[in-house]
Amino acid sequence: MNALELNKVHIKRGDIPIVHGVDIVAKPGEISVLLGANGAGKTTILEGTSGVIPIASGDIVLEGAQMCKASAGHRARSGIAHVEQGRTIFAEMSTEDNLRVGLHPESGLEQAYDLFPELKTRANVKSAMLSGGEQQMLVIARALLGKPKVVLIDEMSAGLAPVVVARLMQAVRLLADQGLAVLLVEQFANLALDIGDRAYVLRRGEVVYDGSCEILRNDPAMLHHLYLGDMEKDSA
Amino acid sequence: MNRASLRAAFFAALSILVAGGLVVGLLPNYWVYLITAVFILGIALQSLGIVTGRTGMISLCQMSFAGVGAWTVGYLNFIDFPGGLPLWLLLGGLAALPFGIIIGLPALRLRGINLAIVTLGFASAFDVVLATITYPGQTNFKMVARPAGMEGDVGYFMFVIMIYALIAVVLEFLNRSRLGASWLAVRHSERAAAAHGVSIPTTKLSAFAISAFIAGVAGGLFAGYLGTLVAENFSMMQSLTLFAVATMAGSQFTLGAIIGGVLVSLFPELLRRLNVPQDFGSVIFAAGAVQALSTGESISETFMRLGGKIVPKGLFKRAKAKTHKLPAAKTFAKDVPALQVQDVTVRYGNVVASNKVNLTVPHGKVVGLIGPNGAGKSTLVDAITGFLPDYEGDIRLGDKSLNGVSVTERARLGVRRTWQTTRIAPELQVGEYMRLAAGSDLSDDEVEAVLDWFNCPPANTPIASIDAGTRRLLDVAGIVAARPPVILLDEPAAGQSYAEAVRLGERIRQIPETFGSSVLLIEHDMDLVRSACEEVTVLDFGTVIAHGAPANVLETPIVQKAYLGVDHELEASA
Amino acid sequence: MNSLLTPAMAGLSAGGAYAILGVCAIFTYRLVAVVNFTGAAVGACGAFIMVALVEMGMPLFPAVVLGIAAGALAALFVGFITTIWFSGANGSVKAAVTAALLVGFIALGLRLTGGQHPKRFPDILQGAWLRLADVQITNASIAAIGLAIVLTIAAEQFLNRTRTGLELRALSERPMAAELLGIRVRLLALIVWAIAGAVTAFALMLIAPLRSPDFASLSLLIVPALAAALIGAFKSFRAALFGGLAIGIIEGLASGLVGLNQYRAAIPFIVILLVLLWSQREARWDESR
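Chains as they are written, first to last, in full-length UniProt numbering: chain W, 1 to 236; chain R, 1 to 574; chain L, 1 to 289.
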């Protein structure tokens, strides 16, 4: 069964239509990767899914339950966790206080520290003083402590060194292996394809590729074309 | 002074005078007396409309400004100052003006909420001072002398209505001027207004000064209306009520000011006749104001919207018969690059958002600036336009360094930008926005020509009626019509369809030749970049990683890596 | 010496009240991002309901409790409007909403409490706490200052030590991130409103007997309260505490000087003007503009 299903979802920003009827699924134990150039609508899809912005039409189904009318808070409590881009830490709080916000009664802080032992050594440090990579670990771990069914992760690699990104990718793979459904938005396609199971490539708000990560991984020319390709040549 | 303003002003004056004539001709004296108050309050409400309705700063002390005017008129009457009420009114308004400026000062660089606090403070302080010094003539009952021949209720009504018409006409002109457009622009986005070369302090202070002056005149008229005044006429509660009514009725419009005047002066009369306690009116005003704030539409705006439905469609079509001529291209020095960015570094705390960036926009060219999210493109635009003044390095416009130059001044020198999200005040018309963006020296015909060139709707279209994609085009059209030496376009194609984006790219490519400006284009849409740019610069991690012709640059491995991610070898070696 | 000390001491109780209201103003601004112009008016509702209950023959203690509850309810009314109808609106619109509501509160309050004629407030705390020669410090002023200090510390501790406080801090720093973590945003916001209303109601019961206790005057205590909050930059509870006390003492001193006495109520305005002029010296372009 799919953990999360988006059916024919249309989303507008203001009155500009950004996403035009996409179908996307995320399954327990799998990573669905959402790729595409800047402005293709990846972030908009995640925001529509978690309730940051409303969707214009379509369905959002979480384990059989219709979610598109629910508030962002209700969706979060139902099991959709959203790690927004830009590392939305509570900068004035310590690392540990950050983790405690939204802590599910059945979760414990150890869960976060097991995943990212780096955070334990910096538990009492003001989170603004953490490095970019540690902040990213913090927001991923924080989302995990709410006992979600599906995690949406947006651009976790932005501005981070390759070693750190590799470490984060590994952690996300581990989360999926433990049974979580993951929907990963990534600008850097190669990295995401390495850990992902299913891939979607977006262009101008439409899904132009839906298939396995492996095919794309083994065909760089196709990927390059989907990303930076020339539409005029396409139509010609 | 354009024709639209003249027509609107004439219409306003005529309708007010006709309404006045009807009141005098048809109603008994008692009602004429009551309706006089409607128009005096209407003037006070219009004064509030400038600050709160147009400029978006909450003022809770408008009746205190009126009180200053009334006190001045009372004093001049008390000492038998020559000139009579018309001159005293003028002096009363002038006396209130400096108070307006002092109250406005704390809001110059801070957000509007602070202004609400300082105005409420002023209203309460004024209450106290007035209770102590009392009104001139209050103790010996010396009534304020009305103008000769207008001593009676009908005569004074005519006097008030003439002043009202005069102020309404002047405001009609002001609102349609560049200053009026600046007020709305500041309300909507101070950053965007400054990027048009609008001085934020001047705009805010002018709104406050003019508003205080008009409120002072209204106060003076009250003095003549009531003869003697007491402090309660101008108490803080009166100011608060006026604020609620102005919000409810939409007092930035002449219609709204009259509706508001009716509400304040006639509604209690109605309640009295219905045997309902009169202070119940204030509760209704409070509820009405909350309702207007939540729907974003005041009573007068509702009327105008409903009225607008009667207006036949097709009114906003451009006259096809005339051929419009684009304004002539401007010429700038050709021997120096239009814009040079030299070793510019920007830090946010410990994060380096832009690292020793070098970038040149040669004269007469369109240069693209691309790069993945978070590469530092917007940071660079903010540094060039002056929103991030603390950069290291040098930014030069032609042969002049811009270091230390303010946002407004940079815009006036000719560094102009568009925005990723539309920041155009929706209350304006397309043509008014064009004049705000491009200055007043364009003819109506040239404005239409530029709009047509960019496929924008004609000048008399209300901005509220056009979609966000078209507003972004209009943003570009306004800057281009100004023909500055340098234009920075920040993702102009977002939200446009493929066909529109290609057409826009074509137009952008023609800007240097047609208008004389050089362009720096920040864009994600590679199709647009290909069709518009002769050169592209690629940023990643705040550093320039490639530069050259678009076709070549997009093929280089380092650019592909920046867009597609770390390649496998690098990852393995890390 | 005493000619200065006596009025300064008299100003202390007012200062305590300003501090309490200022701390409440910061509390609401920091946690639900509203500059609440009805801050004192909701407290006045509670205080007058207490008086009405006492006049009807209810013993003082239950009347005070019910009055505090009424203050919380009045604040919840404002809170409901701002959180349900204006959740997406910016700070300026929310401030405008509370300013408009203030008109309704005062009109209704004056109608129900018999206009501007001051009510007789029961002294919850009678007598002098300390008397030295001519200088006397009343129990009420000690209570006002004490409550202000306790409230300042309690506000800080509540935010720093409790789970709800933690969630509130998260909410005030990044409302969307907090909501995405499943925090019950509306419920928490309403709790904040209720607490502020309850505290203000109790504070006004204490100091009403010391002022001209009509509904409008009590509602307009919001002006010195906002002045105190501005001194704390709408952030620091302690700075607002000292700011409120300082305004009270300066007012007290001014009342002792012939010629300045009548103008002392203008002091909060001067403080507001000066603080704002001072604080905008470093204002920069920020995203919200």
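The set of hints was computed from the structure by calculation and includes no laboratory data. Every value quoted in this text rests on a predicted model; they were computed, and no experiment measured them. Please note: incorrect hints may appear among the correct ones.
20 Å max Cα-Cα, derived EDC-like pairs, lysine to aspartate or glutamate [as the list claims (entries may be wrong)]: (1) K330/R - E446/R; (2) K365/R - E513/R; (3) K27/W - D194/W; (4) K330/R - E513/R; (5) K325/R - E500/R; (6) K400/R - D467/R; (7) K325/R - D467/R; (8) K561/R - D194/W; (9) K334/R - D399/R; (10) K330/R - D394/R; (11) K12/W - E446/R; (12) K120/W - E96/W; (13) K561/R - E92/W; (14) K365/R - D390/R; (15) K126/W - E55/L; (16) K325/R - E269/R; (17) K126/W - D214/L; (18) K147/W - E106/W; (19) K12/W - E500/R; (20) K235/L - E92/W.
Simulated coverage check for chain L against chain R, where a stretch passes if three residues somewhere in it have a Cβ under 8 Å from a Cβ of chain R [to be verified]: (21) 7 to 21; (22) 43 to 56; (23) 76 to 89.
C-beta atoms are modelled at their ideal positions from N, C-alpha and C, and glycine is treated no differently.
Comparing the hints with the structure gives:
{"no.": "1", "hint": "K330/R - E446/R", "verdict": "holds, 14 Å"}
{"no.": "2", "hint": "K365/R - E513/R", "verdict": "holds, 9 Å"}
{"no.": "3", "hint": "K27/W - D194/W", "verdict": "holds, 18 Å"}
{"no.": "4", "hint": "K330/R - E513/R", "verdict": "holds, 10 Å"}
{"no.": "5", "hint": "K325/R - E500/R", "verdict": "violated, 23 Å"}
{"no.": "6", "hint": "K400/R - D467/R", "verdict": "violated, 39 Å"}
{"no.": "7", "hint": "K325/R - D467/R", "verdict": "violated, 26 Å"}
{"no.": "8", "hint": "K561/R - D194/W", "verdict": "holds, 15 Å"}
{"no.": "9", "hint": "K334/R - D399/R", "verdict": "holds, 11 Å"}
{"no.": "10", "hint": "K330/R - D394/R", "verdict": "violated, 26 Å"}
{"no.": "11", "hint": "K12/W - E446/R", "verdict": "violated, 34 Å"}
{"no.": "12", "hint": "K120/W - E96/W", "verdict": "holds, 8 Å"}
{"no.": "13", "hint": "K561/R - E92/W", "verdict": "violated, 35 Å"}
{"no.": "14", "hint": "K365/R - D390/R", "verdict": "violated, 28 Å"}
{"no.": "15", "hint": "K126/W - E55/L", "verdict": "violated, 54 Å"}
{"no.": "16", "hint": "K325/R - E269/R", "verdict": "violated, 58 Å"}
{"no.": "17", "hint": "K126/W - D214/L", "verdict": "violated, 48 Å"}
{"no.": "18", "hint": "K147/W - E106/W", "verdict": "holds, 8 Å"}
{"no.": "19", "hint": "K12/W - E500/R", "verdict": "holds, 18 Å"}
{"no.": "20", "hint": "K235/L - E92/W", "verdict": "holds, 13 Å"}
{"no.": "21", "hint": "7 to 21", "verdict": "violated (count 0)"}
{"no.": "22", "hint": "43 to 56", "verdict": "violated (count 0)"}
{"no.": "23", "hint": "76 to 89", "verdict": "holds (count 4)"}
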